[in-house]
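S.K.: Single-letter residue listing:
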Amino acid sequence: MPDSESSPAADRPQALSAFRICDFTGQLAGAGATRWLASFGAEVIRIEDPVREGRWDILRGTPPYVDDRRGIDMGGAFNNHNAGKYGITLNLRDERAKDILTSLIEISDVVSENFAKGVLERWGFGYERLKEIKPDIIYVSNCGFGHVGPYSDFKTWGPIVQAVSGLTFTSGLPGLEPAGWGYSYMDHTGAYYMAMAILLALIHRQRTGEGQWVDLACTESALSLHGPALLDWTVNQRPSRRSGRPHANRSFWPPMAPHGIYPCAGDDDWVAIACRDQADWEAFTKVVGEAWCNDPTFASPDSRHANQDPLDVNITAWTAPQGKFDVEQLLRGAGVPVAAVMKPQERIDIDPSTADFGLWPTVHHAKMGDVRVDGQPAHFSETEWRFERGGPCLGEHTADVLTTLLGFSAEDVEALHAEGVV
Amino acid sequence: MSALTGLRVIELAREPIALAGKLFGDMGADVILVEPPGGDPSRDYPPFAGDEPGADRSLYWWHYHTSKRGVVIDLDDEAGRDRFLSLIGTADVLLEAEPRRRLGALGLDYEDLARLRPELIHVAVTPYGRDDAKSDLPFTDLTIMAASGPPWSCGYDDHALPPIRGPLQGYQTAAHFAFLSALTALLYRSVSGRGQFIDVSMTAASNVTTEAASYSWLVAQRTVQRQTGRHASVSPSRETQQLCADGRHANTGVPPRQPREFAALYDWLKELGLDAELPEAVFLEMGANWEGPFDLSRIGSDDEITAIFGAGREGLKLIASRVSAQDFFVGCQRAGLAVGVVNAPEEAFEDGHFKARGFQVPVHHEDIDRTIVYPGAPYALTGSPWAISRRAPKLGEHDDEVFGELAP
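Chains as they are written, first to last, in this note's numbering: chain G, 1 to 422; chain P, 1001 to 1408.
Wrong hints could be hidden among the right ones.
Derived pair list, reagent style DSS-like, types lysine-lysine, alpha-carbon separation capped at 25 Å [unchecked claim]:
1) G/K286 x P/K1355
2) G/K155 x G/K117
3) G/K155 x P/K1355
FYI, nobody ran anything at the bench for these hints, they're computed from the structure. For clarity, every value in this text was computed on a predicted model and none was experimentally measured.
Whenever a hint applies, use it, and build me the whole structure from the sequences.
M.R.: What follows is the structure, given as structure tokens:
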């Protein structure tokens, strides 16, 4: 494909450079999946609708912004989720655009999307048709409830997936309404499962020559994250909805106490403390050194676990006047599991660990300029990830893709553009 | 045959990677779980079958170690290390979350293993990565998550209440990246013939799984604030969690904003006989009959649009107060609104949708002659079946079988 910006790792091999993805994904639940593939060198070609200026992906023009400029190419989240991909426009209301898409599918390994059920089919590109175009194609659909089952026509976004699948419920305190997740955890995690599904299907194809359809339902991926609680239900008939639960910051499997998030001095500052066993407790109480540490109520792991409410009152009184990093330092020195609850600025710009890991790479976006994005949380000794570019502006690579891959001339592309096809 | 049939994965038992091994095993890989003498501590984690603690009764263990064979190897013993090396000689992937320097000290780190088995993909999971001394600090799922972002964004409008951690998700997020990384390296290996070393950081994994919290700071140096049951946000947003008539909650998502949605809501109110109780019903009817685009940017400035939009919210609240959360969810969805019932995990598990998709998976435990229903596949690969091929192993259950296979 066309450009390849020079970067320090530009001469390193890329794990997935053999694969081309015809990508209709958007938002985070879909875009997050092909983002992983792009960072390992897969050629991800994102297809958008020129008529609606790609607005199906609501993140295209929404905050955060790098400066005062606004517009369809200026969304910071879109740039984050689509780094490393190419972007083309196809007006699929037009038969000529459908022909172009057909040619692109012929030379792609994967077609990926996270539309509502039936959208691709209505455009004439359901799985049966995709197979006619390319018999070993891998088609991965990702939607909230999947394409099969009574709720398959229902609509979702991250918070709805989290609500229905139990993740919202389990994140809360007893006697209060659910706190839930303050972000679309299942858009991220649904995207991870979608990426796994794509990679699994590619491995399957390598070994058998067969493509397949993957029907990913984000709610199902989410439900699978409750394993032991679901077995407690099927084996012991014990529901999670019961008195005293959920108590999300505590640990029941295994029982640990103390185990919680405690207030500190400062502006909304908190610290997480966990004692895994008696040795941790002894180290902890040595640091704290208050009378309640010797209270027989708290003497054994079982009695501490049974008396966490009074235990937490005491610990809160101890942490509250102290800075979170001071508590962290004291308990770290004693070998007790502890962590300040990090604010975004603290974990991104202050904690050297994330910068040392290279977790916030800078990408170059054609209009925004240099912007930092999420990196990948793993380093590969042979095929390290990298983001060659920022998220594509609307139609940024239409001409490149059509001329380089599909045999159109620059004049053809101009004419197609003038006629509203691309 | 499934996608990973025939691949061999060696997993050194540790909590944070248990899910990664399960993901391999349930897709057909031959996962050999290596435990130290005495077994992995999570064998003794509750909950227990029948609430009776005891060997092989931990449901925690049952869940995370499906589709694996189990062997005991003492890596601190020379004979054990030899046995481990023979196993590595047959392996495609090594999954481990050992303390950072442990394998090196034993002469079993990547360089040693790769000499013996160049095609090995070694995935190491540590709190901060192999190069960071902070990986030597003690940790739990809670401290990993606190250090890396999720709790900052989760909790209640009332900031006197603590930030909240979604239980176990720190480890599970790390496991997701361990599995993704290994699959990626397997695809490369099929081209290059070469394995590699992969250094996964648990805190980095959660750091990049926080959506707007990270990119609001990266892009615009703004800080999101947690709110009850909805996205943490730089500027406060309206509540989206609604108490329903049965005491359960629903997430109301985005309120109606299109004429067909106002119409569907109005019809539903009438069907329930509640239209007379909603003073704003007239505005709903007006929204239903709206001609042309309904310009949301004029909420607050245009009186009619503001009233219609407000009537949508009020109409939803009224219905929610009179029906169960499940009925509210289904009714809203039939009206075209993305609304969700806040289920407990078991309520979702028993829902007909997931049952119809085959999410309830019976697994026969031949040792107790009982069939146990497990949670099913996170994805439906129509050509590569996901399956629980066996219950979790007992301690050393497959020593003879696995070591027998290694014998020359």
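S.K.: Go through the numbered hints given earlier and state which of them the structure violates, listing their numbers in rising order.
M.R.: 1
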